[in-house]
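Protein chains: 4
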Amino acid sequence: MLGEICDIEMEGHLIDSLMLTRVLDKIMDMGGEFEIKIFRIGQKKNDSSYARIAVMGKDAANLERILLELHSLGARSVEVEDARIETCPGDMVVPKGFYSTTNHPTLIRTEGAWMKVENSRMDCLITVKDGKARSTPINHIHRGDRVVVGTSGVKVMPPERPREKSFFGFMNNEVSSERPSREIIGQLAGEIIGTRSKGGKIAAICGPAIIHTGAAPSLAWLIREGYVNVLLAGNAVAVHDIERQLFDTSLGMDLHGCATSGGHRNHLYAISEVMESGSIEGAIREGKLKGGIMYECITRGVPFVLAGSIRDDGPLPEVITDTVKAKDAMYEALDGVEMALMMSTMLHSIAAGNMLPSYIKTICIDINPSTLTKLMDRGSAQAIGLVTDVGTLLPQLVEEIQDRRSQILNR
Amino acid sequence: MLGEICDIEMEGHLIDSLMLTRVLDKIMDMGGEFEIKIFRIGQKKNDSSYARIAVMGKDAANLERILLELHSLGARSVEVEDARIETCPGDMVVPKGFYSTTNHPTLIRTEGAWMKVENSRMDCLITVKDGKARSTPINHIHRGDRVVVGTSGVKVMPPERPREKSFFGFMNNEVSSERPSREIIGQLAGEIIGTRSKGGKIAAICGPAIIHTGAAPSLAWLIREGYVNVLLAGNAVAVHDIERQLFDTSLGMDLHGCATSGGHRNHLYAISEVMESGSIEGAIREGKLKGGIMYECITRGVPFVLAGSIRDDGPLPEVITDTVKAKDAMYEALDGVEMALMMSTMLHSIAAGNMLPSYIKTICIDINPSTLTKLMDRGSAQAIGLVTDVGTLLPQLVEEIQDRRSQILNR
Amino acid sequence: MLGEICDIEMEGHLIDSLMLTRVLDKIMDMGGEFEIKIFRIGQKKNDSSYARIAVMGKDAANLERILLELHSLGARSVEVEDARIETCPGDMVVPKGFYSTTNHPTLIRTEGAWMKVENSRMDCLITVKDGKARSTPINHIHRGDRVVVGTSGVKVMPPERPREKSFFGFMNNEVSSERPSREIIGQLAGEIIGTRSKGGKIAAICGPAIIHTGAAPSLAWLIREGYVNVLLAGNAVAVHDIERQLFDTSLGMDLHGCATSGGHRNHLYAISEVMESGSIEGAIREGKLKGGIMYECITRGVPFVLAGSIRDDGPLPEVITDTVKAKDAMYEALDGVEMALMMSTMLHSIAAGNMLPSYIKTICIDINPSTLTKLMDRGSAQAIGLVTDVGTLLPQLVEEIQDRRSQILNR
Amino acid sequence: MLGEICDIEMEGHLIDSLMLTRVLDKIMDMGGEFEIKIFRIGQKKNDSSYARIAVMGKDAANLERILLELHSLGARSVEVEDARIETCPGDMVVPKGFYSTTNHPTLIRTEGAWMKVENSRMDCLITVKDGKARSTPINHIHRGDRVVVGTSGVKVMPPERPREKSFFGFMNNEVSSERPSREIIGQLAGEIIGTRSKGGKIAAICGPAIIHTGAAPSLAWLIREGYVNVLLAGNAVAVHDIERQLFDTSLGMDLHGCATSGGHRNHLYAISEVMESGSIEGAIREGKLKGGIMYECITRGVPFVLAGSIRDDGPLPEVITDTVKAKDAMYEALDGVEMALMMSTMLHSIAAGNMLPSYIKTICIDINPSTLTKLMDRGSAQAIGLVTDVGTLLPQLVEEIQDRRSQILNR
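Protein chains in written order, with the numbering used here: chain E, 1 to 411; chain D, 1 to 411; chain U, 1 to 411; chain W, 1 to 411.
Derived from the structure by calculation, the hints contain no laboratory data.
There is no bait here: all hints are sound.
Computed list of chain W residues with no C-beta within reach of chain D, every gap over 12 Å:
#	residue
1	Pro89
2	Glu111
3	Glu118
4	Gly144
5	Arg146
6	Arg182
7	Thr195
8	Arg224
9	Glu273
10	Thr299
11	Val302
12	Pro317
13	Lys325
14	Asp328
Mimicking DSS-like on lysine-lysine, the simulated pairs with C-alpha atoms at most 30 Å apart in a straight line are:
#	chain 1	residue 1	chain 2	residue 2
15	U	Lys201	U	Lys116
16	D	Lys116	D	Lys325
17	U	Lys132	U	Lys201
18	D	Lys129	D	Lys96
19	E	Lys58	W	Lys288
20	D	Lys96	D	Lys116
21	W	Lys58	W	Lys96
22	U	Lys45	U	Lys198
23	U	Lys44	E	Lys58
24	U	Lys116	U	Lys45
25	U	Lys96	D	Lys288
26	W	Lys37	D	Lys45
27	D	Lys288	U	Lys58
28	U	Lys44	E	Lys37
29	D	Lys44	W	Lys45
30	U	Lys44	E	Lys45
31	W	Lys44	W	Lys116
32	U	Lys116	U	Lys26
33	D	Lys198	D	Lys45
34	D	Lys58	U	Lys288
35	E	Lys96	W	Lys290
36	U	Lys325	D	Lys325
37	W	Lys96	W	Lys129
Everything numeric in this text was worked out from a predicted model, so none of it was measured.
A virtual CB, placed ideally from N, CA and C, is assigned to each residue, including glycine.
Start from the sequences and build out the full structure, keeping to the hints where you can.
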């Protein structure tokens with residue numbers, strides 16, 4: 001990378017996955033020039049392409065900045081070197097020029113061989129230890145950790161456009177409320193059934209509007225029937241769910257939408273009841289809690305993480321109040337997930353989105369389009385946004401899954 | 001209204017219908033003072049109250065401005081005089097100080113007797129002719145028309161809070177998406193069935209998102225089964241509906257949400273097909289058009305108004321392209337309506353809202369809360385806003401009506 | 001286009017302008033296959049590329065549909081034939097398979113030579129008459145008109161990515177409110193000054209929120225100083241503007257945001273005052289109206305179109321109440337415009353957007369992101385969306401223009 | 001409260017502060033009946049009213065629920081008894097029927113005398129200890145704590161309508177974007193200057209959009225000049241602020257709105273730089289950090305709380321990662337605050353809103369109206385919502401304060 005010119009190369013479905021477009025755009029946006037030296041186009045649908053491009057910067061610093069950007073788009077230096085590795089001088093203190101990860105699958109080259117980075121998590125450093133490479137968030141960086149610096153010897157593989165038309169392909173991230181709702185519910189039901197029939201794990205990431213809008217029984221059904229295998233939520237979801245089970249209210253609003261007696265008191269009393277039993281699990285054991293989202297999770301052994309926030313009352317004993325620990329627990333719970341349903345929560349959706357590799361099927365359902373826009377702005381570009389009402393959508397999704405399931409059984 | 005002090009009086013459910021609160025607030029907001037001279041409170045739920053209040057302004061002009069405002073809140077001068085009537089000097093030219101109507105029932109006093117203004121339409125003048133009074137919009141004012149000036153001899157009756165809890169009472173205009181969706185759908189279904197069983201007319205005011213989101217068959221069902229008795233919409237609704245019938249697309253997007261071949265071409269071709277038949281009705285007669293929203297309206301004799309806008313392609317022959325004439329047609333069509341369902345249209349909702357008396361049950365369904373906020377800002381304070389997805393709501397509403405209907409039949 | 005295979009070709013900045021990506025995506029989305037036969041890539045920034053691709057459909061109908069779609073993306077059949085032309089059988093009745101236009105520059109081939117279609121307007125037919133081709137909306141199609149059918153002999157030129165970084169390039173249509181506001185105002189000011197200094201015409205397309213939010217004096221300044229050369233709006237903008245000039249209120253709300261006496265009465269009285277003078281121009285001549293948006297337009301000779309809508313009171317004499325005629329007037333007014341500022345109006349923005357060629361610099365400013373999403377959904381893909389408050393933005397834009405102008409003068 | 005009838009009484013500005021309306025509404029909504037036994041209306045603006053009402057429930061349980069609701073509206077039993085006090089059986093375990101607080105000033109009666117509850121915090125219990133009463137959140141309830149049960153002997157004083165027109169009076173909680181922006185900025189500037197000139201403390205509660213939209217220098221100015229006396233925010237605000245100071249980027253987007261080189265790397269490197277110095281304060285001491293929001297807070301001694309969330313990178317050493325501790329720190333920091341400016345953060349706004357008494361002047365600025373709606377839904381009914389762009393608003397607010405200040409100085 002000496003001087004002001006450098007050759008990069010890239011391969012894959014360069015055209016239709018936008019990789020080449022993004023690389024050329026970025027070079028021009030950043031004031032650079034390019035010359036395409038070799039371009040072998042994949043002639044048919046499944047063929048991959050190859051490009052070798054000379055990139056010129058205005059000066060060495062400009063070129064370096066350009067290459068840094070191109071790298072995260074999947075381009076890499078032609079001169080293959082080993083990844084450069086440096087030692088961190090302190091806890092959470094990182095060497096200048098450290099490599100910051102994307103959420104795409106990544107390889108690094110050490111001693112001439114390519115090694116897969118074990119996990120794909122954005123905005124991390126790559127630590128190398130005992131012959132293994134991992135994406136490690138900055139708060140887990142300790143003094144003496146060895147981390148990748150620069151981009152040489154690092155290869156990123158952005159997702160490619162699916163060769164076949166699919167729910168996740170065609171929606172193409174657009175955030176528009178003017179979509180045929182029923183049809184989309186059908187496709188979503190199909191994806192959920194398909195993922196589960198192959199044993200794929202599905203995570204639900206939920207906000208309290210699910211309970212306020214009356215969709216809690218639908219979510220409870222999805223958990224009970226095995227269509228949700230991990231639950232990420234906050235204290236509010238759990239308390240509202242339990243309040244609804246115990247008192248038929250949610251934040252003191254009854255299920256007819258009327259503010260009812262006691263107001264917030266039922267909310268607090270739900271917490272008190274759980275505290276008396278020691279935990280949500282205790283409340284189930286004692287027969288206090290007989291249904292609902294948390295009940296289904298606990299009795300079916302579906303793992304859940306309740307992460308604390310500064311809005312919480314209580315919180316419940318199962319809530320992880322330390323946000324750093326909660327993040328770690330969320331990351332662990334999301335391990336192996338193949339599909340993520342984000343529903344009516346900006347905070348948890350973005351937090352979970354930051355942890356999910358780019359190849360995970362991600363659907364974000366919210367009545368507020370800005371939640372979806374922000375999720376994508378924050379890097380979860382693979383997410384499909386549905387602008388709709390979770391309170392009307394979830395019951396229809398459950399019906400659709402039931403219909404399809406009984407059709408399969410009746411065949 | 002001599003000097004700087006004036007006595008007003010008002011009666012009704014002054015407390016719980018907010019009338020008295022609004023009157024005192026307004027006096028203070030506008031810099032006036034007040035002294036409550038008589039206040040007889042209704043002791044029980046169905047009793048009405050009476051108040052007589054001396055209002056003081058900073059000067060005569062201030063007092064006059066205050067009284068003008070109080071008037072539309074239902075207060076009136078104690079000294080009962082006949083309404084003052086002046087002659088309009090030109091077409092659409094009105095005398096200074098003319099009385100501008102609310103959407104509440106109104107009486108005027110002539111020759112010592114109170115006479116009901118025949119219609120309640122906001123932002124109109126009251127014209128008096130042949131012993132009858134009418135709310136007349138400014139564009140129908142002609143030279144020589146006699147109109148009410150000032151507020152003396154005019155009595156306004158704002159809606160009172162319903163004595164019993166009801167769907168239209170409790171929702172209380174709040175615009176929030178966090179409501180129990182299914183429950184609200186049930187209540188709405190109940191209101192629709194109830195209104196129809198008593199022979200009340202229901203108007204649907206619709207935007208094209210009904211078709212884009214796949215809810216057209218649900219609306220067509222409501223028309224066919226007699227739950228929608230008037231349809232107000234624009235050219236787009238009709239063309240999309242017909243396009244969907246003829247080509248299974250809506251604005252070139254197929255019903256799976258995929259952009260399909262031909263793009264906007266189907267939209268234009270739908271117009272061409274109708275033009276060839278001379279009209280939508282012609283297309284039905286020739287067997288081209290066999291279902292959908294417009295088909296149901298025409299074959300069932302349900303009156304409709306398609307009002308033109310500058311966004312229209314075509315438009316279709318049934319569309320009234322002159323907006324002044326379209327407004328008149330809408331007003332006529334809304335005559336006698338008891339319930340108005342506004343769905344996914346800001347333009348038509350606000351236009352229709354301007355024409356509806358304040359005692360009409362008005363529900364506005366939109367995924368965008370700002371449509372609801374604007375509707376209420378523009379004077380339709382009686383409207384109940386539901387922030388939800390019409391594409392998921394309408395099919396559930398139809399199911400709910402079907403369920404309730406069959407329950408009634410099975411009893 | 002015989003059988004199930006057809007060769008297409010395209011040239012230009014195929015990679016970075018996304019043309020090739022879109023073509024391959026569309027083929028795959030619609031179930032087709034492809035083989036890239038020739039691909040000559042432009043090696044440097046300003047070089048253009050060339051591609052020749054064999055497209056295979058599942059059957060002849062599928063292939064035809066695919067080719068239709070590819071065509072609007074800028075691809076065309078290799079076998080160059082003349083455009084096929086057919087005669088329209090009736091007014092607004094068009095031949096099956098008619099060619100529906102994009103908003104991109106377009107050529108058609110007649111008698112072996114390529115001829116530019118004179119205007120670029122979306123969702124029109126191409127009519128050929130007296131050796132000239134025009135994009136003609138369906139409502140101007142008359143019996144006997146000769147229109148292009150199919151895609152052979154039609155060439156579309158989608159906009160290419162600007163080679164240099166620019167305001168209009170980098171924003172890239174994203175609709176996000178999290179942008180550095182001041183910086184963007186500076187860039188917008190630069191674009192406006194730049195466009196004007198080269199004699200380019202700027203259109204302002206406005207909604208009434210400009211007046212409600214107190215930005216009317218800023219818009220009036222822009223008109224007075226020559227930065228707005230065409231005004232498109234509705235009756236409401238004109239009435240509010242005049243009401244504000246005559247009574248210092250807007251819809252009865254004074255400029256401190258307080259509802260004031262008279263409510264809607266001032267609005268109606270403003271109309272009456274204009275009617276008395278015969279027209280807005282008359283009211284200026286008589287000295288009634290001494291400033292504001294309409295005053296500046298009329299006294300500076302800035303052309304304007306006030307299009308009617310069903311929400312209008314009055315309307316004012318200058319308003320074109322027939323929507324079909326209003327559309328024609330808008331189209332004429334937009335002729336030659338190089339930049340369009342759309343502010344706080346969904347209806348007029350989409351209507352104007354439908355008329356603007358894709359190479360016109362289009363900025364849409366609205367506090368509601370859904371206005372921007374819908375504008376782009378409706379085909380104005382070139383529009384840049386700014387999610388911000390026009391009431392705080394416009395005054396700052398004016399200040400910024402003033403600052404830059406005085407800097408230039410002081411040099 | 002035995003039987004089905006109970007007399008309540010209330011006093012104050014019952015009419016214009018809506019207290020009486022709300023009480024009667026609630027009785028009717030909940031199925032009760034009422035008889036107004038005594039009503040003495042305040043005759044003039046500053047007189048207070050008194051009402052004594054017999055409330056009837058359908059049964060004893062219904063009556064009790066009604067009385068519970070009426071209580072939080074400011075009504076109380078006529079039979080004055082001491083507050084009932086019970087002992088909590090466990091940590092966070094509360095006696096059935098505990099009294100749940102509002103955010104209004106509250107008195108309790110013990111041994112025949114009324115005692116002020118020391119703080120007004122919603123959704124708490126009232127604990128009584130050492131002759132003092134406090135609103136205590138459930139997580140601070142310990143076994144053996146003595147808490148108020150039921151509503152007897154508890155008096156709530158909801159805020160009364162200000163007698164004079166004021167910024168905080170007239171806005172009336174409406175959430176509408178169509179307000180005269182400049183005028184409102186002027187009024188807000190006036191309130192800020194007025195509050196500060198009387199020594200009142202102002203809190204700023206901030207989200208990261210302040211930095212993304214380029215308003216950080218404006219907020220830094222407000223802190224430096226003493227117009228912000230407490231800062232509540234999250235890790236993101238601090239990191240973005242520091243990133244901006246060190247690298248002129250915010251989340252890797254430069255201040256021209258362009259994504260720049262390094263992307264998220266600058267964000268992480270900002271954290272690393274701070275970690276190396278041990279803390280933000282350390283980074284200032286070492287001369288790394290020379291300006292910005294955090295710099296002003298620390299160098300001016302303005303207290304701040306950075307609360308952790310699961311979205312955080314890092315977080316910085318000053319961040320309180322435990323959400324329960326963070327809430328306590330926020331509550332302490334808000335002590336004595338007279339005005340709260342909430343800007344572009346739903347999470348922190350609602351969390352802070354839960355802690356603020358109802359008499360604190362609360363302004364919530366957000367481009368997304370749903371943030372404001374939710375804040376009010378969650379109980380902060382006193383908040384005034386401004387739907388506008390903080391990036392254009394804050395610079396104008398600073399200019400306005402500067403102008404007014406220099407006007408005062410020049411007098």
